[in-house]
Every structure is written in structure tokens, then in C-alpha cells.
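K.L.:
Work out the full structure, taking the sequences as your base and the hints as a guide.
Per the numbering used here, the sequence shown starts with residue 1, numbered consecutively.
Some clues are possibly wrong.
Taking lysine to any residue pairs in the SDA-like style, the calculated list, with each CA pair at most 25 Å apart, reads [to be verified]:
1) Lys-17 <-> Lys-43
2) Lys-43 <-> Leu-29
3) Lys-43 <-> Thr-58
4) Lys-43 <-> Gln-59
5) Lys-17 <-> Met-55
6) Lys-41 <-> Leu-29
7) Lys-17 <-> Ala-52
8) Lys-17 <-> Gly-54
9) Lys-18 <-> Gly-30
10) Lys-41 <-> Ala-51
11) Lys-41 <-> Gly-54
12) Lys-18 <-> Lys-41
13) Lys-18 <-> Lys-43
14) Lys-41 <-> Arg-56
15) Lys-17 <-> Met-50
16) Lys-18 <-> Ser-35
17) Lys-18 <-> Gly-54
18) Lys-17 <-> Leu-29
Just so you know, the hints here were simulated from the structure itself, not pulled from any lab data.
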Amino acid sequence: MKYLAAILLCLGAPSEKKPNIIFIHADDLGWGDLSCYGQEKFKTPSIDRMAAEGMRFTQYYAGSTVCAPSRCAL
1 MKYLAAILLC LGAPSEKKPN IIFIHADDLG WGDLSCYGQE KFKTPSIDRM
51 AAEGMRFTQY YAGSTVCAPS RCAL
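P.N.:
In C-alpha cells:
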């Protein structure tokens with residue numbers, strides 16, 4: 001009977017909402033290439049909207065300035 005009560009309690013417990021995370025992994029795209037970070041030559045309205053409504057992580061540094069080591073650092 002104890003096991004049945006434990007199972008019922010676990011099934012009835014509310015689950016925590018998981019956060020929505022979008023990780024954009026693009027080749028040769030720097031932080032200054034998006035208009036939400038000040039780019040004025042071209043606009044990225046969808047990414048700008050996500051940046052305005054969500055959280056931006058601005059202190060990520062790649063392992064190197066060239067492509068292959070930077071990909072390994074991710």
C-alpha cells in the first residue's frame with residue numbers, strides 16, 4: 001500500500017517548466033554582425049525581437065580567432 005501511495009504522489013506532482021533555450025551556431029558570425037548588437041548595414045528583426053524579449057549572453061569568448069579551435073571550444 002505504501003508503494004501505491006508513493007507512485008500516486010509522484011504521478012500527481014506538478015512538473016517544473018523547462019526553459020526555452022535557442023542556441024544559434026553560425027559559421028563566421030560575430031557578435032557585432034547582428035543588429036541587436038549595433039549592426040547598421042543590415043537588419044535581423046527576428047533575432048532582434050528574441051533578444052529584446054529574452055536574455056542575451058554577452059560575455060562568451062571563443063578559444064581562438066580562427067574557425068577550427070573556436071568550434072572545439074563550443
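K.L.:
Now tell me, hint by hint, if it's right for this structure.
P.N.:
Each hint tested on the structure:
1. Restraint check: the Cα-Cα separation between Lys-17 and Lys-43 comes to about 33 Å, which exceeds 25 Å; the hinted pair is violated.
2. Restraint check for Lys-43 and Leu-29: the C-alpha separation of about 14 Å stays at or below 25 Å, so the hint holds.
3. Only pairs whose Cα atoms come within 25 Å are accepted, and Lys-43 paired with Thr-58 is accepted, the gap being roughly 19 Å.
4. About 22 Å separates the Cα atoms of Lys-43 and Gln-59, which keeps this hinted pair within 25 Å; it holds.
5. For the given pair, Lys-17 sits about 17 Å from Met-55 by alpha-carbon distance, which is consistent with the 25 Å threshold.
6. Taken as a hint, the Lys-41 and Leu-29 pair is honoured in the structure, with Cα atoms around 14 Å apart against an allowance of 25 Å.
7. Only pairs whose Cα atoms come within 25 Å are accepted, and Lys-17 paired with Ala-52 is accepted, the gap being roughly 22 Å.
8. Taken as a hint, the Lys-17 and Gly-54 pair is honoured in the structure, with Cα atoms around 16 Å apart against an allowance of 25 Å.
9. For a cut-off of 25 Å, the pair hint linking Lys-18 to Gly-30 is broken: about 28 Å separates their Cα positions.
10. With a C-alpha separation of about 18 Å, the suggested pair Lys-41 and Ala-51 falls inside the 25 Å cut-off, and the hint holds.
11. A distance of roughly 24 Å separates the Cα atoms of Lys-41 and Gly-54; the hinted pair therefore holds under the 25 Å criterion.
12. For the hint pairing Lys-18 with Lys-41, the CA-to-CA distance comes to about 36 Å; that exceeds 25 Å, so the pair is violated.
13. Restraint check: the Cα-Cα separation between Lys-18 and Lys-43 comes to about 30 Å, which exceeds 25 Å; the hinted pair is violated.
14. At most 25 Å may separate the alpha-carbon atoms for a hinted pair to count; Lys-41 and Arg-56 meet this at roughly 21 Å.
15. Distance hint between Lys-17 and Met-50 is fulfilled; the C-alpha atoms sit about 19 Å from each other, no more than 25 Å.
16. Restraint check for Lys-18 and Ser-35: the C-alpha separation of about 28 Å exceeds 25 Å, so the hint is violated.
17. Between Lys-18 and Gly-54, the direct Cα distance comes to roughly 15 Å. Compliance with the 25 Å bound is thereby established for this hinted pair.
18. The straight-line distance between the Cα atoms of Lys-17 and Leu-29 is roughly 31 Å, outside the 25 Å bound, and the hint therefore fails.
Hint check: violations occur at hints 1, 9, 12, 13, 16 and 18; the rest are consistent with the structure.
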